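Chemist: So the chains spell out like this:
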Amino acid sequence: MSPLVNYSKILSRLYALRRRIVLLRLGSGALASIAYLAGGFLVAAGLSMAGIAPVGVRLTWWLAVFAGLIFILGPIVWRYLLFPPSPEKLALLVEADHPQLKNRLIAALQLKQFLTANAEGYSTDLVGRTVVQADRLCGQIDLTASADPAPVRFWAKRAGILILFAVTTVFIFPGAVNRAFSSFSQPLTTIDEPVSYTLDVYPGNADIVKFDTLLVRAVVRGADLPKRIEFAQRAEGGSWLSENISGLVFTSSASPLGPDSLVFSARIGPLLRDVEYMFSTDELVSPTFTVVALDRPRITGIRQAYFYPPYTGLEPVVIDENDGAISALTGTDVELTVRANKRLAAAQIVFDDGTTIEMDLRDRSATGQFKIERDASYHVRLVDDRGYENPHPIEYPISRQDDAYPRVEILMPGHDADLDEEMAENLKIAAVDDFGFDHLSLIYRWISGGQLREEKRISLELPRGSSNTVEVDYWWDLELIGMMPSDLVSYHVEIADNDRVTGPKISISNTYTLRLPSLDEMIAEIDDRQDENLQSLEEILRGQQKLAEELERLHREMMTAEDIDWQTQKQLENTSAEQQDLADRFNEAAKEFSDNAAALQEKKLASAEMLAKLAEAQQLFEEVATDEMREAAKQLREAMEELDMTEMADALEEMQLSTEEMIKRLERTIAYLKKMQAEQKVDQMIKRAEDLLNQQNNLNERVDSTDENKLAPLADREKAIKDEFDKFADELAALEPMLNDARLAPPSLNEQFCKLGKQSQAPQQMSQAAQAMQNQKKEGSQKSGGQAAESLKSMVNEMRNMQSMMNSKMQDEVAEMLRKALDQALYLSEHQEEVRELAAGLDQQSPALRELAEQQADLLSGAQRLESAIQEIAKKSMCVGGKAGSGLGAVLGEMGLAAEMLTQQNGRGASTPQRNAMSGLNQTAGLLMQGMDKNTGQCQNPGMCDKPGGMMPRMESLSNRQGRLNSQMAQMPELGSGGMTIEEKMALSRLKGEQQAVRKGVEELQKEFGDRRNVLGRLDKLASEMKKVIEDLERNAPTRQTRTRMRRIYSRMLDFQHSLHRQDYKEDRRARFGNDILRDSPADIDLDAVFSNDQWSRLLESYLDEGYPKAYESLIKSYYRELLEEQRLQSSPVK
Amino acid sequence: MNSHYSHLSFFRPARILCFCACFLLIPGGIPVPASAQLSSSARARRAADEPDPSYFTIARLKYPGGGDWYWGSSAIPNMLDYIDEHTNIPVNKEQTRVEIRSDRLFSYPFLFATGHGNINFSDDDLARLRRYLLGGGFLFINDSYGMDKAVRRELGRLFPDRPLVELPFSHPIYHSFYNFPNGLPKIHEHNNKPAQGFAVLDGERVMVFYTFESDIGDGWEDPQVHNDPPNKREAALKMGVNLAAYVLSR
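Line by line, the protein sequences are chains B and V.
Using the numbering used here, read the first sequence as starting at 1 and increasing by one per residue.
Using the numbering used here, read the second sequence as starting at 1 and increasing by one per residue.
What you were told as hints is all true, and nothing was included just to trick you.
Okay, derived cross-link-like pairs now, BS3-like style, lysine-lysine, Cα gap no bigger than 30 Å in a straight line:
hint, chain 1, residue 1, chain 2, residue 2
1, B, LYS783, B, LYS755
2, B, LYS1000, V, LYS93
3, V, LYS149, B, LYS934
4, V, LYS149, B, LYS591
5, V, LYS62, B, LYS1028
6, B, LYS793, B, LYS783
7, B, LYS1021, B, LYS1007
8, B, LYS591, V, LYS62
9, B, LYS674, V, LYS149
Quick caveat, the hints were computed from the structure, so don't treat them as lab data.
All values reported here derive from a predicted model rather than from experimental measurement.
Use the sequences and the hints to build the structure in full.
Modeler: Here is the structure:
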């Protein structure tokens, strides 16, 4: 091994020693530094014992610390770090600790150089051997042990002691230590002496709800506490406001704040906005704190949604009016949604009984549901996420609305009514409810012979999709009930609403009755009305006669008086008013007559001929009040206003003449009405006899179909028919004087007619039949009943024959009178012509003119007799109209004038009135001839009158059949209401057969009377409509449309009957197609002229609609007329 | 005072509907299939026999007084058929009668009164009819002969301060659909007088149209009833269309 290697080993061992020495030096330096710093700390604490050390002291301290660290540590640490010991020094250190080395180590280090450069010439081997030896010796010892650890121990002891002192100081003198830290940490800062007390503020930053107040406190603790403290506050965006406040001393050690403390309190608020605050003393200022003003939760919006009960059919309703008051139908679900001003943590609906409903939350809104079942109230409680509640919540009412009761009325007939022959009534029922209906029923009780029968109920169909208002038409056929004359049915309707919550509510209508009047009653009623009517006319006639006398007297006075005095003027006024009153009464009587005629027609109590006569009589009424009379009355009024004597006298004369004319016409009308009343009575008696026959036949049918042991109850019915017959016979017998008065026929014929009832065997047979029924002997009942029917039938036929004979006699009598009148008219005309021709050929001075004047006077007398004769004819027949009478009146005037002129020897002057008289006579003769035609053919359309086999009875029969058919159809179920039973199908088949029969009848009528185009109208369409009905029935598919069609058919058939009854009242009515007559257009309408008074007219019309009393209405009219007149005058141009 | 009547303009919706239909659907206008003109609700109404305001119809006035108000049963159906065939005005062909006291009076914009006899309105009838007419209703009175006296008297009572004026040939009623340059056509001959059309007006609107010596109503009847020549019937029906068009356009 090379000695160099050994040398290297030696060096490495030495370097290891050096590293250890350095480490020990660093450790001891660190410990020295700690000790030094602890000492510095103790010095600083010591310096701070009395207070804050001045800057110079603190700076010096710092410098000393730094310097100390540098200078004290230098010899210990820095020297070894900067100048580490050389190997030789290390070797010496080792040699000193290990003398056994005997400097070999030093020698090796020093001689090593000669191994490589042996300039001195040393023995390299020796050198080498020295190195090797040194290495060997070094290897035997631990060189690092030569490093001395004593400094470390030294400084460790001292550092520990000083640290112990420092820690002790900290515990013993914390204030000093604190001051030392705070002051020595900032050596260059001048630090005041610390305050002797502390200032703490409570609660510091805080949140409170708006309008609340907050108590803030400042707590000072320590010595030399201040007696007052300043409190300052500033609203958001505002300026500071301060105040001095006194404190409260706490000296007790038991105080929560500790002894030697003061508390200063101030109150902030009520708070509207955020506020900053702070406290300050002379020495201390607290930080600035903020009090945040928070909102409480409150309702900013409220919305209700109503979900009505399903039965109401109402759509949900949302009420967004920010009103929490709830008013809805019982059973309605209410969804309440509230919106709050802030996010909510909880919400409840709180009811007045304390129950609550939790609401669902969604951010700032809450929703809750409940059902309305009672009247109540509620409020909404809101809680925000800080736990604040809404203050003073509003208590909202909950009003429960009850489903109203339905209302139902029977609109048609809407009063107690009589049934007609159809035995049916068309009911119109109207009902109203708030939310619709469940069912509608017709409830009735039949009262027969004073006995109340069991209540029955018919369910009526409500229109599909009916809402809260319905109108139901129901064709109520009462034929099947089996009502007898004088029976009545009491009925009402019941309706139930569809309230599913509290149950259906039921209302009923007024109760009405339907009565089946007997024919006697109907006839008696019409008779009474006609008697009253006739009496009214007779009173009017008497009034007119009295008036005529008064007019004559006044006229005479006027002719002689020079001036009119007040009394006369008043009498004239009274006369005029009386005339007006009579005219009004006459109009009323005319209307009454018209109503009676309509009633007769409606109740089918008059034959077609009688109806035609009634219509003619109506024409008579129209002729009574003449235009001339109205004109005369008007003239009189005008003359009275102008106080013109001459005109008054003329007007009086005119009025007198026209009144006389009116009296004549009135007399004629009354006479004609009396005769017609007698004829009508005959008609009615025949009708009653037919009715008795029908009743007996119906009873006989019932007997046939009733078991023998059940016949007894029918005996009462037979007795009732007999009683009715007896009454009829009595009335028929009592009719004789009336017929004789009316001179309808020779008295012997009248007597014969009126005794027919008493002579009939029917009552005895009816009694026998009743007895047999009582004894439950069917055969006897059938036999006697059949005989009674035969007797009645025979009586009816006889009555008809006699009526025909009466008509024939009357016709003959009138024909005779007409013939005589015609002869007389022709005779007068012929002689008038002769007298005229003779007079025309004579000289004015001829004495023959006087003779001709006498002849003219004779002709005048003849014309007056003719007038009387025509008047008599007119009382018996309408074949001579009023024109003949009035035309003859003019003839008399002309003849009188001609006679006067002839007396004055004025033959030529007489020619014109003679010619006029002749013409008038010819016209009268023409009218008489027409009258004869009419008399011989009273019914203008043979075949259409009510003769057997005529169109009218046949159509009537077909109508009745159709009516019955419709009634039966009404009982059938509608298609779609379930399958038909076999019985129903059979019934449909029967109805089809019946409808086919009616259709055939109509078609036959169409063929037979096809040329009567003016009455047939749409018979062909009627038949085709029937065909459609038959098709429906064939398919077993009658629908609502089928029923409607059948009703339409029936209605149209009734129309035809009306039309047949009313045919050809006047020949003038006959319609011929006309040719256009070219002419100039009427002038354009001057709307300004016509409607300048439009405003007043509207006012007037509106007042007339107010229903004022008659007298006041007249006053209103006259007032407006004045206004209109004034306006007209104002708008007229000034000339 | 206009407000007094304002609530009575009950025909306005019906008129507007029908008027629009009239001028949109007349021949030459926009062709619309007949089936398309009937809404299901309208059919339902028709089935229920209720007056549907969207369908034009003529109601026969059952007037009191004894006159034969029922005269000419085929007239209205024929007239409605004609309107249906020659215009596209939606028509309800159901025959309707109405009395003045009927609740349904105000549902019908067009009343037809005809006959030969007397008319005698009660005071209540007059007030109600006045309200109907001033509220927009239309009354066509056809004197089939013999009504003149009663008509003039009753119209005088109905509107005491509104004269019955004869309409000039230039009046729109003679030109509203077909052209009648010489005024009212003469259909039937009675007294050899020219046909005249009179009216009671509310402003410029004709409330009552009264035909005298013309007898249009008879002309509407079946041909075999009066055996009228076709041209006469045609003229009567055309004049009827004019009346309908006039009513629907006012």
